[in-house]
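Number of protein chains: 2
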Amino acid sequence: MNISFTKSGRLKPKPSSEALGFGKLTTDYMFIMDYDAGRGWYDPKIVPYSPIPLDPSTCVLHYGQGIFEGLKAYRSPDGRVLLFRPEENARRLNNSCDRTCIPPLDENDILEAITELVRLEKDWIPSAEGTSLYIRPFIIATDPFLGVHPSRTYMFIIILGPVGNYYPTGINPIKILVEDEYVRAVAGGTGEAKTMGNYAASLKAQDKAEKLGCIQVLWLDGIHRKYVEEVGSMNVFFKIGGKVITPALSGSILPGITRMSSMELLKKHGYGVEERALSIDEILHAHKTGTLEESFGTGTAAVISPIGELLYKGSNYMVNNGAIGPVTSMLYDTLTGIQSGRLPDEFGWTFEVK
Amino acid sequence: MNISFTKSGRLKPKPSSEALGFGKLTTDYMFIMDYDAGRGWYDPKIVPYSPIPLDPSTCVLHYGQGIFEGLKAYRSPDGRVLLFRPEENARRLNNSCDRTCIPPLDENDILEAITELVRLEKDWIPSAEGTSLYIRPFIIATDPFLGVHPSRTYMFIIILGPVGNYYPTGINPIKILVEDEYVRAVAGGTGEAKTMGNYAASLKAQDKAEKLGCIQVLWLDGIHRKYVEEVGSMNVFFKIGGKVITPALSGSILPGITRMSSMELLKKHGYGVEERALSIDEILHAHKTGTLEESFGTGTAAVISPIGELLYKGSNYMVNNGAIGPVTSMLYDTLTGIQSGRLPDEFGWTFEVK
Numbered sequence: 007m008n009i010s011f012t013k014s015g016r017l018k019p020k021p022s023s024e025a026l027g028f029g030k031l032t033t034d035y036m037f038i039m040d041y042d043a044g045r046g047w048y049d050p051k052i053v054p055y056s057p058i059p060l061d062p063s064t065c066v067l068h069y070g071q072g073i074f075e076g077l078k079a080y081r082s083p084d085g086r087v088l089l090f091r092p093e094e095n096a097r098r099l100n101n102s103c104d105r106t107c108i109p110p111l112d113e114n115d116i117l118e119a120i121t122e123l124v125r126l127e128k129d130w131i132p133s134a135e136g137t138s139l140y141i142r143p144f145i146i147a148t149d150p151f152l153g154v155h156p157s158r159t160y161m162f163i164i165i166l167g168p169v170g171n172y173y174p175t176g177i178n179p180i181k182i183l184v185e186d187e188y189v190r191a192v193a194g195g196t197g198e199a200k201t202m203g204n205y206a207a208s209l210k211a212q213d214k215a216e217k218l219g220c221i222q223v224l225w226l227d228g229i230h231r232k233y234v235e236e237v238g239s240m241n242v243f244f245k246i247g248g249k250v251i252t253p254a255l256s257g258s259i260l261p262g263i264t265r266m267s268s269m270e271l272l273k274k275h276g277y278g279v280e281e282r283a284l285s286i287d288e289i290l291h292a293h294k295t296g297t298l299e300e301s302f303g304t305g306t307a308a309v310i311s312p313i314g315e316l317l318y319k320g321s322n323y324m325v326n327n328g329a330i331g332p333v334t335s336m337l338y339d340t341l342t343g344i345q346s347g348r349l350p351d352e353f354g355w356t357f358e359v360k
Numbered sequence: 007m008n009i010s011f012t013k014s015g016r017l018k019p020k021p022s023s024e025a026l027g028f029g030k031l032t033t034d035y036m037f038i039m040d041y042d043a044g045r046g047w048y049d050p051k052i053v054p055y056s057p058i059p060l061d062p063s064t065c066v067l068h069y070g071q072g073i074f075e076g077l078k079a080y081r082s083p084d085g086r087v088l089l090f091r092p093e094e095n096a097r098r099l100n101n102s103c104d105r106t107c108i109p110p111l112d113e114n115d116i117l118e119a120i121t122e123l124v125r126l127e128k129d130w131i132p133s134a135e136g137t138s139l140y141i142r143p144f145i146i147a148t149d150p151f152l153g154v155h156p157s158r159t160y161m162f163i164i165i166l167g168p169v170g171n172y173y174p175t176g177i178n179p180i181k182i183l184v185e186d187e188y189v190r191a192v193a194g195g196t197g198e199a200k201t202m203g204n205y206a207a208s209l210k211a212q213d214k215a216e217k218l219g220c221i222q223v224l225w226l227d228g229i230h231r232k233y234v235e236e237v238g239s240m241n242v243f244f245k246i247g248g249k250v251i252t253p254a255l256s257g258s259i260l261p262g263i264t265r266m267s268s269m270e271l272l273k274k275h276g277y278g279v280e281e282r283a284l285s286i287d288e289i290l291h292a293h294k295t296g297t298l299e300e301s302f303g304t305g306t307a308a309v310i311s312p313i314g315e316l317l318y319k320g321s322n323y324m325v326n327n328g329a330i331g332p333v334t335s336m337l338y339d340t341l342t343g344i345q346s347g348r349l350p351d352e353f354g355w356t357f358e359v360k
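Chains A and B, in that order, give the protein sequences.
Counting from 7, one number per residue, gives the positions in the first sequence under my numbering.
Counting from 7, one number per residue, gives the positions in the second sequence under my numbering.
In case anyone wonders, no lab produced these hints; they're calculated from the structure.
Note that the structure is a prediction, hence the values are computed from the model and not measured.
Watch out, some of these pointers could steer you wrong.
It does not matter which identical chain is used: a pair holds within one copy or between any two.
[What the hints assert, rightly or not] With a cut-off of at most 25 Å between alpha-carbon atoms, the simulated DMTMM-like pairs for lysine to aspartate or glutamate come out as follows:
#1 18 x 34
#2 214 x 104
#3 128 x 94
#4 217 x 104
#5 232 x 112
#6 214 x 198
#7 210 x 40
#8 217 x 198
#9 210 x 104
#10 232 x 115
#11 210 x 198
#12 214 x 287
#13 128 x 61
#14 232 x 198
#15 20 x 61
#16 128 x 115
#17 214 x 42
#18 30 x 42
#19 232 x 187
#20 232 x 186
#21 217 x 42
#22 319 x 104
All chains should be modelled from the sequences, with the hints used to inform the complete structure.
What follows is the structure, given as structure tokens:
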């Protein structure tokens with residue numbers, strides 16, 4: 007690609023590592039590439055971060071034709087800039103495009119765009135432990151037209167922002183609500199794609215969970231309302247009787263990159279990992295018989311979130327006495343260690359931005 | 007409400023009735039009201055139609071937190087300006103808000119905003135048969151923040167556009183694909199609300215239908231994959247053995263205002279109307295035994311769409327030999343007659359903008 011560049015007249019002050027939350031700050035530049043049905047993807051550019059003017063009839067503002075990705079750039083102790091399996095994000099972005107009738111991109115172009123923007127903004131990458139530069143590629147449908155039809159024009163945009171821990175409390179076991187009223191997704195729907203509508207659909211249950219003192223929702227499947235699917239916007243794992251179990255990708259579950267990496271790490275460490283249907287009854291039975299050993303969520307934003315307690319139909323169920331279990335700790339330490347360059351990368355997962 | 011007004015420096019030329027499609031044109035002004043968690047809904051205003059600048063991290067562009075409504079203003083033969091049951095749209099808009107954690111509006115304010123804007127733009131209302139002024143109220147979440155959380159700020163916007171027939175072919179029986187791969191919605195999800203994500207989720211199946219020579223999709227339920235739910239973005243009715251049947255509102259179906267009005271009209275005309283689960287097998291059995299008499303979709307955009315043929319698992323099934331049936335015709339003529347003021351309104355459904 008031939009990426010054009012427009013210099014910003016004024017750069018923002020960089021924040022201190024302590025002030026970082028999640029998703030509040032953005033950097034000085036963004037990447038934009040346009041699509042038109044006649045021309046394909048064209049005019050890749052890096053321009054100053056600034057508002058995007060959208061016609062009030064723009065497709066994405068009415069019919070939600072838009073998808074996104076999320077990944078992070080880390081600064082290693084020896085000063086290198088590392089991405090974590092960005093080719094997987096590029097591939098998933100195109101899968102999300104396919105589900106929502108958005109024309110695919112060349113995956114090399116996605117990687118080049120991310121790399122060029124991160125390289126330009128490398129001074130924004132914080133170095134304190136637990137911090138990183140969050141990368142948000144997204145695509146929005148931009149036709150000014152109120153018919154329900156795939157847009158003929160799109161914008162592919164990448165924005166960046168320095169982030170600290172996803173949860174203000176850091177890595178602490180969270181309490182989650184097992185949701186039996188609202189449903190996130192069902193096979194045949196959009197649950198396995200990163201479409202914007204999936205997230206709007208989750209807000210009501212999340213709100214309910216917070217009112218009940220929980221941090222996240224554990225989604226049950228939409229058909230039987232008994233098999234666990236995801237936790238909040240993360241994949242979920244349970245360790246029962248020495249085995250680690252995660253729901254199989256049944257068509258309504260997002261294929262997480264942290265999920266995939268966790269499974270590979272677990273196998274390497276000699277744990278049996280089962281990808282299969284896992285019912286809430288099986289989990290509660292394990293709790294009753296003392297074999298529910300650990301539980302955690304996996305996702306780019308929080309990496310690994312230990313689950314310390316479940317709330318289901320008004321009853322509370324502690325997991326591992328509310329403490330972080332050894333497998334959860336191992337995964338968190340190993341993954342964040344590899345991602346940030348503090349541990350050797352035996353898997354070839356990291357990608358250096360030179 | 008005290009609606010402020012900013013005059014436009016230049017008005018667009020009004021199109022001729024023949025040039026009208028659906029959703030392509032917008033008028034000179036729009037209504038905007040803002041929301042902030044501290045202030046509530048505030049600053050209602052009518053301003054020149056113009057692009058809205060959105061920060062690239064704006065909530066709605068990532069998590070699809072947005073909802074909309076659709077209704078029409080008609081010019082009657084005696085020059086009155088008529089809305090059709092706008093209070094039902096206001097009520098449904100608030101239901102959609104509730105499902106997506108958007109703060110509700112005062113329904114009188116919604117009606118006042120629509121009325122004021124339509125009154126100002128009344129010269130845009132076309133008068134040829136089949137034409138109207140389409141009204142699109144919508145709400146978008148505007149927080150510039152990348153965490154998955156309900157926004158603390160919103161914009162409620164109303165835009166208008168003169169429209170002709172929804173289908174370029176006018177009121178002709180359409181061929182529809184009975185979709186058994188993709189799912190629109192499931193109970194517990196967002197299917198009964200007018201959220202933007204529902205429409206993005208429908209595009210892939212719609213695209214598939216078009217490639218198979220169909221105009222719309224007939225959705226089956228996401229659990230059993232056998233009960234009919236909606237057709238495209240309309241509700242659906244089947245007349246079988248003298249009885250008119252429409253799927254009951256099971257939690258995954260949008261409660262259409264044209265659907266509700268059609269049922270009331272049918273009852274008044276002495277037809278039995280059944281709201282219940284209706285399987286595709288029952289429909290095909292009726293086809294086989296010669297009792298599948300009519301089928302049609304109902305919605306604001308197309309009002310009544312006769313269905314002339316079904317395509318299911320590779321086989322074609324004609325309905326009423328592909329012709330418009332008498333009940334379908336009666337509903338179309340009566341509804342469009344009442345809406346446009348050409349027929350008396352015995353139900354008190356029309357609302358005059360004075």
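Here is what the structure says about each hint:
{"no.": "1", "hint": "18 x 34", "result": "within (6 Å within a copy, 37 Å between copies)"}
{"no.": "2", "hint": "214 x 104", "result": "between (32 Å within a copy, 12 Å between copies)"}
{"no.": "3", "hint": "128 x 94", "result": "within (22 Å within a copy, 53 Å between copies)"}
{"no.": "4", "hint": "217 x 104", "result": "between (36 Å within a copy, 15 Å between copies)"}
{"no.": "5", "hint": "232 x 112", "result": "neither (39 Å within a copy, 38 Å between copies)"}
{"no.": "6", "hint": "214 x 198", "result": "both (24 Å within a copy, 19 Å between copies)"}
{"no.": "7", "hint": "210 x 40", "result": "between (33 Å within a copy, 21 Å between copies)"}
{"no.": "8", "hint": "217 x 198", "result": "between (28 Å within a copy, 24 Å between copies)"}
{"no.": "9", "hint": "210 x 104", "result": "between (27 Å within a copy, 8 Å between copies)"}
{"no.": "10", "hint": "232 x 115", "result": "neither (41 Å within a copy, 42 Å between copies)"}
{"no.": "11", "hint": "210 x 198", "result": "both (20 Å within a copy, 14 Å between copies)"}
{"no.": "12", "hint": "214 x 287", "result": "within (22 Å within a copy, 39 Å between copies)"}
{"no.": "13", "hint": "128 x 61", "result": "between (33 Å within a copy, 22 Å between copies)"}
{"no.": "14", "hint": "232 x 198", "result": "both (19 Å within a copy, 22 Å between copies)"}
{"no.": "15", "hint": "20 x 61", "result": "between (32 Å within a copy, 19 Å between copies)"}
{"no.": "16", "hint": "128 x 115", "result": "within (19 Å within a copy, 49 Å between copies)"}
{"no.": "17", "hint": "214 x 42", "result": "between (41 Å within a copy, 21 Å between copies)"}
{"no.": "18", "hint": "30 x 42", "result": "between (31 Å within a copy, 17 Å between copies)"}
{"no.": "19", "hint": "232 x 187", "result": "both (11 Å within a copy, 23 Å between copies)"}
{"no.": "20", "hint": "232 x 186", "result": "both (8 Å within a copy, 23 Å between copies)"}
{"no.": "21", "hint": "217 x 42", "result": "between (45 Å within a copy, 21 Å between copies)"}
{"no.": "22", "hint": "319 x 104", "result": "between (38 Å within a copy, 23 Å between copies)"}
In summary, the structure is inconsistent with hints 5 and 10 from the numbered list given earlier, while agreeing with the others.
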